[in-house]
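Peer 1: Sequence:
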Amino acid sequence: DTIMDLVLAQREYARLLEGADLVLMLSTMLHSVGAGNMIPAGVKMVCVDINPATVTKLTDRGSLESTGIVTDVGLFLHLLTQRVETAA
Numbered sequence: 000d001t002i003m004d005l006v007l008a009q010r011e012y013a014r015l016l017e018g019a020d021l022v023l024m025l026s027t028m029l030h031s032v033g034a035g036n037m038i039p040a041g042v043k044m045v046c047v048d049i050n051p052a053t054v055t056k057l058t059d060r061g062s063l064e065s066t067g068i069v070t071d072v073g074l075f076l077h078l079l080t081q082r083v084e085t086a087a
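The numbers in our numbering rise by one with no breaks, and the one at position 47 of the sequence shown is 46.
Careful: at least some of the hints might be erroneous.
Unchecked claim - Here are the simulated SDA-like cross-link-like pairs (lysine to any residue), alpha carbons at most 20 Å apart as the crow flies:
id	residue 1	residue 2
1	LYS56	GLY41
2	LYS56	LEU78
3	LYS43	LEU7
4	LYS43	THR1
5	LYS56	THR27
6	LYS56	VAL45
7	LYS43	GLY18
8	LYS56	HIS77
9	LYS43	VAL32
10	LYS43	LEU76
Said to hold, decoys possible - Label-pair ranges, simulated between beta-carbon atoms:
id	residue 1	residue 2	range
11	ALA87	THR1	16 to 26 Å
12	ILE49	ASP20	36 to 46 Å
13	THR85	LEU7	40 to 50 Å
The set of hints was computed from the structure by calculation and includes no laboratory data. The structure displayed is predicted, hence computed values, not measured ones. Heads up, the beta-carbon is just placed ideally off N, CA and C, and yes, glycines get one too.
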């Protein structure tokens, strides 16, 4: 569901991000930027998007914990799944 009340939406983002050690941001610039601005220092953040501007916007926050990958998200998820399955 879409939360139209900005204050309620920010509270929900904060609730979902609380206690996170790693946040994957996959191919959704609007939500990634919104969530990225709420992530505290120390939380690892990986942004994957085919649009370099999206990746740059999120990784240029000055955080050493940010990693940007410019690629197709479908390919990224396929390769990630393969790697996780072979590591298990």
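Peer 1: Each of the hints needs a verdict: does it hold here or not?
Peer 2: Do the hints match the structure? See the list:
{"no.": "1", "hint": "LYS56 / GLY41", "verdict": "18 Å, holds"}
{"no.": "2", "hint": "LYS56 / LEU78", "verdict": "24 Å, violated"}
{"no.": "3", "hint": "LYS43 / LEU7", "verdict": "25 Å, violated"}
{"no.": "4", "hint": "LYS43 / THR1", "verdict": "26 Å, violated"}
{"no.": "5", "hint": "LYS56 / THR27", "verdict": "12 Å, holds"}
{"no.": "6", "hint": "LYS56 / VAL45", "verdict": "12 Å, holds"}
{"no.": "7", "hint": "LYS43 / GLY18", "verdict": "12 Å, holds"}
{"no.": "8", "hint": "LYS56 / HIS77", "verdict": "25 Å, violated"}
{"no.": "9", "hint": "LYS43 / VAL32", "verdict": "15 Å, holds"}
{"no.": "10", "hint": "LYS43 / LEU76", "verdict": "18 Å, holds"}
{"no.": "11", "hint": "ALA87 / THR1: 16 to 26 Å", "verdict": "36 Å, violated"}
{"no.": "12", "hint": "ILE49 / ASP20: 36 to 46 Å", "verdict": "26 Å, violated"}
{"no.": "13", "hint": "THR85 / LEU7: 40 to 50 Å", "verdict": "42 Å, holds"}
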